[in-house]
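Student: Listed in order, the protein sequences are those of chains A and B.
Residues in the first sequence are numbered consecutively from 1, following the numbering used here.
Residues in the second sequence are numbered consecutively from 1, following the numbering used here.
Simulated from the structure, these hints should not be mistaken for laboratory data.
Please read all numbers here as calculations on a predicted model, not as lab measurements.
If a hint is listed, it holds; no wrong ones were tucked in.
One copy or two, either will do: identical chains are not told apart, so a pair holds if it fits within one copy or between any two.
Here are the simulated DSS-like cross-link-like pairs (lysine-lysine), alpha carbons at most 30 angstroms apart as the crow flies: (1) K4 <-> K114; (2) K4 <-> K57; (3) K57 <-> K114; (4) K4 <-> K61; (5) K58 <-> K85; (6) K4 <-> K154; (7) K206 <-> K4; (8) K60 <-> K4; (9) K61 <-> K82; (10) K4 <-> K207; (11) K85 <-> K206.
There are 2 protein chains.
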Amino acid sequence: MNTKVFRNISYGVYIITAMDGERPTGCTANSAMQITSAPATIAISINHDNFTNGCIKKTKKFAISILAETSAPLLIGTFGFKSGKDTDKFTDVTYEMREDLPVIQDSCGYIVCKVIDQMETATHTVFLGEVIDGDVFNASGQPMTYAYYHQVIKGKSPKNAPTYLPDEEKKLVKYECQVCGHIYEGENLPEDYICPICGVNAEHFKKIS
Amino acid sequence: MNTKVFRNISYGVYIITAMDGERPTGCTANSAMQITSAPATIAISINHDNFTNGCIKKTKKFAISILAETSAPLLIGTFGFKSGKDTDKFTDVTYEMREDLPVIQDSCGYIVCKVIDQMETATHTVFLGEVIDGDVFNASGQPMTYAYYHQVIKGKSPKNAPTYLPDEEKKLVKYECQVCGHIYEGENLPEDYICPICGVNAEHFKKIS
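In isolation and in its complexed conformation, chain A is listed as follows (with noise of 0.2 angstroms):
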C-alpha cells in the first residue's frame, strides 16, 4: 500500500467550534461533509483528544467556521496547535454568537448542527449533525482548501511569487517552525520574526537549508 494517494482526497479547512459550559472553545480541521440536502445534514470527524469532542458530546452542538484564503492563518494556528482546555482561544479573534454558538468572522461561511449521530472509531469521532444555521460572510472570498494551506500558507509555495531567480543568487536559506512546520524562506531570519501560522517567536525555528 501507497499511502500518498492519501494525499490526494481533498479537503478546505475549518474551525469547529463548541461550548464548554459558558466558554466558546474549537478546533481546526479539515474533515467536514455534506451528507444530505432535506434535512440538511453534515458529517464532521474529531480526534478524541481534541478538547473540543468532549463539548461536542456533551452539549451536542457544534458549529463550522468555513476559512477563506484571505483568512488570517494565525486562525489555523490559534485553534490548531494550542488545546481548548487550558487556553482560552478566542481572546484575539472576532467572534459572533449563531444559535448560541461562536462562529469566527474572518471566514466565508458557518453551519451551526445539532448532533443527531455518531461512529465511534479508534482515533476519531464522526459526528453527523443536522443543520438548524448557516450564512455566508463574504461571498466573494474562495474558500481555502487544504491544499491551498499546504502549498501556500505553510510557505511551501509563496503566495505572490517573485520573478523567477535561482535561490543560489538570491542566497535564500529556509527556517521551519518546530511547532507547526511553517517554512520562513529568506536572506536570514528576523530576530523579531513570528510565526505568522502558529504565533511563536523566532527561537522556535530551525535552519533547514
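Based on the hints, put chain B in the right spot on chain A.
Tutor: Positioned in the frame of chain A, the structure of chain B alone reads:
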C-alpha cells in the same frame, strides 16, 4: 438559513466502485474523507438510490478512484448520469482490478476499503471503510476538486482562458446540456457536438444566452 454556504465546503471528485456479482459497477461522488490514520479508515457517502449503495452493502467492499484535473470529463458523466443497474459503465473505461475491485486508470490514484461500520441517514449511507490497498497512478496530476469541476469542466470558466474580449464583440452564445448542465460557449453549437461530460448529442442542448 442561507443554504448557499454549503457551496463553500470543499470536496474532490471520485468514482466509487463495487462489484455486482461478477460485474463491476460504480458511481460518481464528491464525499470522501480520511477519518483515522492507523489503521487508515475513510468515510464515503452514497445515496440510497445509487445502485452502487446496495452492492457495497452486499459485498462490504468498495474502491475509490480519485479523479485528477487531467482525467477525462466523460468519466464523470459515465458514472454520474446513468444507472449501473441497467448500464455497463465500464464498457469504454480502462480499469484494473485491485483486491478484486475495479479502479480507474485515468485518475491520480485509488484506495480499496472493506466496510467496518456504516451510518444511515434519510437519503444516504455513510460507509466507514478500512483501507486494504491504495496507490498513486499519476503523481504529477493535481486532484480534481469539486470547485474545479464546476468552474472549469462544466464550462462556467474556460480551462485555457483566452485573452479577454467582451462577449458582445465575439458574439458568443451559451448552450446548456439538459442532461448534465455542461455549458458550451461559442458562436454556434456544432451539429455534431457531443457533450464532453455525459456524452449526449447536440439535440440535448438548449440555448441559454
